[in-house]
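Enquirer: If you want the building blocks of each chain, they are given just below.
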Amino acid sequence: MFFLFDKLRHLFSAGRPPLPVVGGQPHPARLVFDKFRRVLAANNRSLEIIADMGEKLSGHFIFDQHYIETTAAELIQAVRHSIDCLQELCNGQFQELYDVHARLSDQICSLLEGREDRIGPTLLNLRQATPEHWAIVGGKNAHLAEMTANSTVTVPEGFVITTCMYHALVDHNELRALLDSFESRLADLKSTDIELEMLAKQLNAGILSASAPPGFLDEMAEHLQRLLDGAQVPIFLAIRSSAQEEDLDYSFAGQFQSILGVAPRSDLVFKAYLEVVASLFGPKALQYRRRLFPGEGKMSIAACCQRMIDAEISGIVHSVNPAEPGGRTMIIAGAWGQGEMVVEGMSPTDTFHLLNEEEPTIIKRIITEKPLGRFLSPLGQLTTQAIDPEQRSRPCLTDDQLLALARVARHLENFFKRPQDIEWAFDRTGDLYILQSRPLVLRQEAETRKTLPAALKGYEILAAGRGLIAQQGIGVGPVHLVDLHDSLDDFPEGAVLVSRRDSSQFVRVMHRTAAIITEVGTPVSHMATLCREMQVPCLVNVTGIADLVKEGEEITLDAEDLLIYRGRVTELLAYRASTTLNVSESREFRLLRRLLNHTARLHLLDPLWDDFAPKNCRTFHDILRFVHETAVIKLVSIGKDDHRLLRRHLARPLDLPIPAGILAIDIGGGLAETAPETAVPFRDVTSVPFKAILRGMLFPGVWHRATMPVGFKDLMNSMLRTPGDALNGQYIGHNIAVISANYVNLSFRFGYHFNLIDAHCDSFSRDNHIYFRFLGGATDLTKRSRRAQLIAIILKAFDFTVRTKGDLVIGRLGNIPQSEIERMLDILGRLIGFTRQIDVLMENDLAAERYAEAFLNGMYEVISN
Amino acid sequence: MTVNDSNRPCRLLIIDDEPIVGKRLQQVFTKIGFEVEIFTSGPPALESMAKHPFDIVVTDLKMAGMDGIEVLARVRAMNPEARVIIITGYAQPETASDAFERGVFEFIVKPFRLDQLKDVIIRAMADRELCRSRLNQDR
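For the record, the sequence lines run as chains A and B.
Under my numbering, the first residue of the first sequence is numbered 1, with each subsequent residue one higher.
Under my numbering, the first residue of the second sequence is numbered 1, with each subsequent residue one higher.
Keep in mind that the hints are not guaranteed to be accurate.
[Claimed, not checked] Derived CB-CB ranges, DEER-like:
id, chain 1, residue 1, chain 2, residue 2, range
1, A, G114, B, K118, 56 to 62 Å
2, B, G65, A, L208, 38 to 44 Å
3, A, E48, B, R132, 40 to 46 Å
Keep in mind the hints are simulated off the structure, nothing from the lab.
Think of the CB as a built atom: it goes at the ideal place given N, C-alpha and C, for glycine as much as any other residue.
Could you put together the complete structure from these sequences and hints?
Expert: Put into structure tokens, the structure is as follows:
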């Protein structure tokens, strides 16, 4: 397969193709339409590939490495084709896009060749680590970073020395040839232990005596200073490993070295780091790798440098009692001092059983005599100290501390969507820190598994075989029925969210939900994508479910076999806790996820945002967005030449009952064949999305005709500003609709504001999108901003993803069925009419809310009244 | 539990050189009551089959050494009652028609949805039972 990427690399590394010869004459309009259509088709193809990859992450598909490789290659070529089409349309104006494409393609090839752990910063604060960094921070650090970003838990602050540093270290110390030879031997099943051990020993020694690449120690000193800046007392660091697969598929428990009590000095931390890295080639790790990854040679290692907690009490929580995997009991074990005593089983511990419910209760305490504890000395050493006699047999945790721990464990179980094995510590001031949280994998006897199908027959099924899987998984909890306009602020921890519609707003509670079930929706909606990112078991399109369940009753969702049970199915939970293969963490899923990070994320939003330039494209989706917007601007710009278009009947004025003044440019199937060349009536509009917007605009009461009372200040404002300032004159001219049977790009200029809708609408939900933009107005900025607020409130109520900046509002919605897109465009049509002059009425902040509410309640006449 | 006519769990053999495929299918089909064995190459899988027959065989097409078509031929020779399903990421019409001529039950293109494979396996089980009962009637 790799030859394929070599070929692709070769093809694109050349970057820009030669500039096309640009003629003096502008393209005839027909030709421009044709080229524009080609841009649209090319972009749709690319977006389809991206959507297809996203859908595969639901867990409901079987795919393999071959799929990932061929799809990536296909996408690289499709995006390139999109750029080619844009260049055709714009006479080669955007050569820079080829460089961006080559760079992104190269990153993708590196990713597929397993070299993505070399791309990125060498040092990264835990707070800055995001999913795009998972490959370079390693599994354990990824979990720590996720928890750092979660406000419910506190993680000791720290930074990551990434795998990029590991590679830099190897190269700087000329160890690459040795490492390559070691890795290729390790990948060869026939290699003997002796030859491997010899090479490993050399590498181990080479790493231990390695010098730091230039500049690295200084850079690390800055990170250390930042830790010191926030500290009240002298601090010491713990330097721990985080290998790529660590804590994901495999625990690597105790396989690598950890160095504790390191003073925060660059040279000392570096020395400790070398010891951690060298342990990758230690005898223990070598045997572990050979046993668990036969035939795999490559592995890189990152490290975490974290402040050590001066712990008074430490221990472990198992969010599920391993003795009863499907039950509600969790176990907390703790002892005085640092956690080592508990983790390594070095001393007796207290054990507590708690009922895992919304308000946890303590049901059992086993208190032991704890004569010793490990404590952090003022010099950073860990020393074993005798515990005061009267303290020894006292419970190490108070009831309040136990309940606080139980709540955090319950939250982390919901957050990571699996039972968790959590390391924690209370420091001397009583603050609770989470040191580690990893999946708790339980053993289940093969015999118990065989009886699962029989055991499941004993439960009442609420729905079977209904709905579509957005994300696989098993979840249990009390039902919480959510209406789309409900506030989610009081969503109960661990509940199952049941709703009539799907909504990307649910992201706000996804870290707390056990599962999501909706009556309508598709597996490719934004919500579904978010469920996959956050691993929330989710079924959509389960007709009638909201009427089948009662608020607060416990249900179990099996989003693998499309089953919803009444009550708590303990056998399924036991099954979930015992499955060792967490498919979303498997190598192929991780690879596909990373590929999507490089392709599907959208950073470039709008030409009106400052960063809208080829050089700022960070993903393929950004390129596609740039291509689309630029093509639209090009097309609309020919609308400026009204005479040319009107004379040849390429742009036809609409004849509507309202004075909207729209020129329609039909690029195929947007108007009836029999439509007149001038004054096209509403009935002759055949473009599905355009017709929906017009329907909204023509809705009774929406197009108010009252003259707004414009004040003196507003008048001055409108006279001082020219619309061209705001948009560099791009949209001066008529209101223009570029339409086809399934597409509309409508740009409006009403007085002093600009309104744009770009939408695609057909029977294939995945292709559907609405892009809405609103800017400007005749009044002062405060009033205009209030109108922008009003529009934002309305768009959000209809589940648009919204961004605002001053008087600019951008709303996006996509991947929803045709009927929904049409309904939303109808609403937008009404919104266009409703908000036309409303900025004049925005006297205070409350006005935005009041008028938004009126609109949502259908009281459009409020403006005229 | 998914059982066959003699009321024992249905035995499913899965061969795919990419371990994730076998691991995932084992997880899914064990949960609904199948007895599943997985292999990443043909020869050891057939060895296991010789010891203890399988009802359904799901095999990848393109594998180093013994490919899916050869697995199909050998399974058909060893145990004509077993139904063979080929899954592949390299779909060529000629290969599919070749496989059908050699008696494959179904040919599925990767990536596929799990319920697609479930449906095919249920059909294969039904087909196998139907052939058996006809055979018994004829006797």
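Enquirer: Would you list, in rising numerical order, the hints stated earlier that this structure does not obey?
Expert: 1
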